[in-house]
Amino acid sequence: MGTLVKQSLVDQIYIQIRDDIIEQVIPWGKRLNVNELQDKFGISSTPIREALNRLQKEGLIEYKNNIGASVISIEKKDIIEIQEVALTLDCAAIRYAIENGRIDEISNELLHNIKNFQEANDEIKRSESIEEFIRVFYKYADNSRLIAMSKLIKGQQSMLRSAYRKERDGMTSIDNHINIYNAVLEKNIDSAVTSMEKEYKQATEILLNCLVHRKSSDS
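All the letters of the sequence shown, read from the start, carry residue numbers 1129 to 1347 under my numbering.
Quick caveat, the hints were computed from the structure, so don't treat them as lab data.
With a straight-line Cα cutoff of 20 Å, these simulated SDA-like cross-link-like pairs (lysine to any residue) come out:
#1 Lys1279 x Arg1263
#2 Lys1243 x Ala1311
#3 Lys1253 x Gly1283
#4 Lys1326 x Ala1220
#5 Lys1282 x Cys1219
#6 Lys1158 x Tyr1191
#7 Lys1243 x Asn1307
#8 Lys1315 x Arg1223
#9 Lys1205 x Gly1157
#10 Lys1326 x Ala1214
#11 Lys1205 x Leu1280
#12 Lys1282 x Glu1190
#13 Lys1279 x Asp1139
#14 Lys1253 x Val1153
#15 Lys1279 x Gln1144
Simulated restraints on C-beta separations:
#16 Gly1187 x Gln1166: 21 to 31 Å
#17 Glu1314 x Asp1148: 37 to 47 Å
#18 Leu1280 x Gly1196: 21 to 31 Å
#19 Glu1251 x Ile1143: 17 to 27 Å
#20 His1240 x Phe1169: 30 to 40 Å
#21 Ser1201 x Asp1232: 37 to 47 Å
#22 Gln1152 x Lys1326: 20 to 30 Å
#23 Asn1249 x Ser1272: 28 to 38 Å
#24 Ile1171 x Ile1306: 42 to 52 Å
Using N, Cα and C, we set each Cβ at its ideal position, and we do this for glycine too.
Go ahead and model the full structure; you've got the sequences and the hints to work with.
Structure follows, in structure tokens:
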């Protein structure tokens, strides 16, 4: 029987606010008022401030003088930088995982996630399958510092993935990931990396278009 882990109040508040930010229930750039959050959750300010501090460390919110906490605003330069860093880390994970061997195990887990994507009936499940696909490489790269670095940008990347998912509702493709899977079977690192670079290039273009649409609808 598994061990039950009881979440602290801070954990619960942190997860709720984080999810709301990622899913854009709380819009990019929105000011976070502690008093309003107190009323919403019916609790004191202490756990809310602790949760906000964690979100700041994760890069999802920022503090400004005389304003307080706000969700980060994501502009063109931010999208490009987040995507560039995430791509660099993912490609490193692919390279290390393939170099470490265990190709059968890697390919089996990749195929499992591809099938999950193909069987998914909504965009959220498809997005989760793609995230799990990428995590396979970090698992088999067996590099704790690489994993730690990826976690530093995970929150901001999740914000972009949510925006991407909403923009591509029903049209997300897994073709590049199938190409990565085939490259792994062939132990072809360069081919796998090239397919990942193609995936990020396409996603970045979609995200930049999404930003343009967002600004035009706000104006």
